[in-house]
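Novice: Going by the working numbering, the sequence shown opens with residue 3, and the numbers climb by one from there.
These aren't lab readings, by the way, just hints derived from the structure by calculation. Do not rely on the hints blindly, as some may be mistaken.
[Unchecked claim] Below, simulated DSBU-like cross-link-like pairs (lysine-lysine); rule was C-alpha separation at most 30 Å, straight line:
#1 Lys206 <-> Lys57
#2 Lys48 <-> Lys125
#3 Lys245 <-> Lys105
#4 Lys335 <-> Lys28
#5 Lys206 <-> Lys308
#6 Lys57 <-> Lys125
#7 Lys335 <-> Lys206
#8 Lys207 <-> Lys57
#9 Lys105 <-> Lys179
#10 Lys245 <-> Lys48
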Amino acid sequence: MAALRSYKMASSERSTNRSLVSEWLKIATVVAGYWFISITMVFLNKYLLSSDELKLDAPLFITSSQCLVSIVICLLLGTLIGSSLPSAGTFPRPQFDMERALKVLPLSIIFVGMISFNNLTLKYLGVAFYNVGRSLTTVFNVIFSFAILRQRISIASLVCCGVIVFGFILGIDQEGKSVHLSVIGVVFGVLASMCVSLNAIFTKKVLPSVDNDLWLLQLYNNVNALIILVPLSFLFQELPVLKQFQFWTVPWFYCLLILAGIFGVAIGYMSGLQIKVTSPLTHNISGTAKACAQTILAVIIYHESKTLFWWFSNAMVLGGSMAYTLVRMNEMKQASTQKATSEEEGKSTLEGK
3 MAALRSYKMA SSERSTNRSL VSEWLKIATV VAGYWFISIT MVFLNKYLLS
53 SDELKLDAPL FITSSQCLVS IVICLLLGTL IGSSLPSAGT FPRPQFDMER
103 ALKVLPLSII FVGMISFNNL TLKYLGVAFY NVGRSLTTVF NVIFSFAILR
153 QRISIASLVC CGVIVFGFIL GIDQEGKSVH LSVIGVVFGV LASMCVSLNA
203 IFTKKVLPSV DNDLWLLQLY NNVNALIILV PLSFLFQELP VLKQFQFWTV
253 PWFYCLLILA GIFGVAIGYM SGLQIKVTSP LTHNISGTAK ACAQTILAVI
303 IYHESKTLFW WFSNAMVLGG SMAYTLVRMN EMKQASTQKA TSEEEGKSTL
353 EGK
């Protein structure tokens, strides 16, 4: 009997170990996929936006092309699959409701600003400085949480924001010493950070109008964005640039445009999947580590030489962002515990009566 019990325990332990290994492999695969798609998308967009080979000075056209690809992907997935994938929910069937589109429009305007300013930041700033250039998203989150949502801001959160802002200012100073710094690129980075923060707030407000379906929201968002971006492209005189472009007959150019659009859709899916297999905190830490790896990779690929203080500014921005994530998660945990305690005390009071 003792031998049989030992065999069962050993068998159970082996099964548990196999399960843990399988779980870790799954997490590692998802995180690696998220890193690969995110980093590749940044380098690909940088090439499309400002490569010496393409010489295509039409960022709004490129942005609208990515929106068009996203729409086609959503419609194809809804038509061909129409079922769920892990963390993705159900793909929307091809449909367009004008009333819903108008409800989503305020978010779409912010969305246009976010993707356009992101691309413009990438166009005028190097990939290595890209993360610092648009690092003020956390700061704007705090500002808008206080100004719009009327949330109380802790001292710890303000300290984290102070570290990020100092790192941002130091980064601008050091980037200007190593390469020619584009002031307009920095401005676009600040505007991109602001729009990213506003996009998160307005997404929560608009989601109920599309039955809390993120894929349906993405479909309406991209349709609205395309309708807005096409006239803007004409308004900013991109048509003469497009007429003179030399690669319209080259297939690989269209492949790059389509690939950029696919990655734009894929990063949203992989973000959701990473949160599902890990946690929101781990997702944010993974994103911070990815930004660090992306910066180092960009310096190597583009053969850039950076000062010690430039690296220190990056460390401050990334460290401040990670610290803010930890602070917010701790505050949310405390708030949840206090709420549960209050409800328990209220229940006990009622039972006592």
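Novice: All the hints need checking, so say for each whether the structure fits it.
Specialist: Here is how each hint holds up against the structure:
1. At roughly 39 Å between alpha-carbon atoms, Lys206 and Lys57 are farther apart than 30 Å, so this suggested pair is violated.
2. About 6 Å separates the Cα atoms of Lys48 and Lys125, which keeps this hinted pair within 30 Å; it holds.
3. With a CA separation close to 36 Å, the supplied pair Lys245 and Lys105 exceeds the 30 Å bound.
4. Proposed proximity of Lys335 and Lys28 is supported: the alpha carbons are some 27 Å apart, at most 30 Å.
5. The hinted pair formed by Lys206 and Lys308 fails the criterion: a straight-line CA distance of about 40 Å is larger than 30 Å.
6. Our distance criterion of 30 Å between C-alpha atoms is met by Lys57 and Lys125, whose separation comes to about 11 Å.
7. Between Lys335 and Lys206 the CA atoms are separated by roughly 20 Å; this keeps the pair inside 30 Å, and the hint holds.
8. Simply put, Lys207 and Lys57 have alpha-carbon atoms about 40 Å apart, too far for the 30 Å limit, and the pair is violated.
9. A hinted pair counts as satisfied when its Cα atoms are at most 30 Å apart, and Lys105 with Lys179 does not qualify at roughly 46 Å.
10. Restraint check for Lys245 and Lys48: satisfied, since their Cα atoms lie roughly 21 Å apart, inside the 30 Å limit.
Hint violations for this structure: numbers 1, 3, 5, 8 and 9, all remaining hints satisfied.
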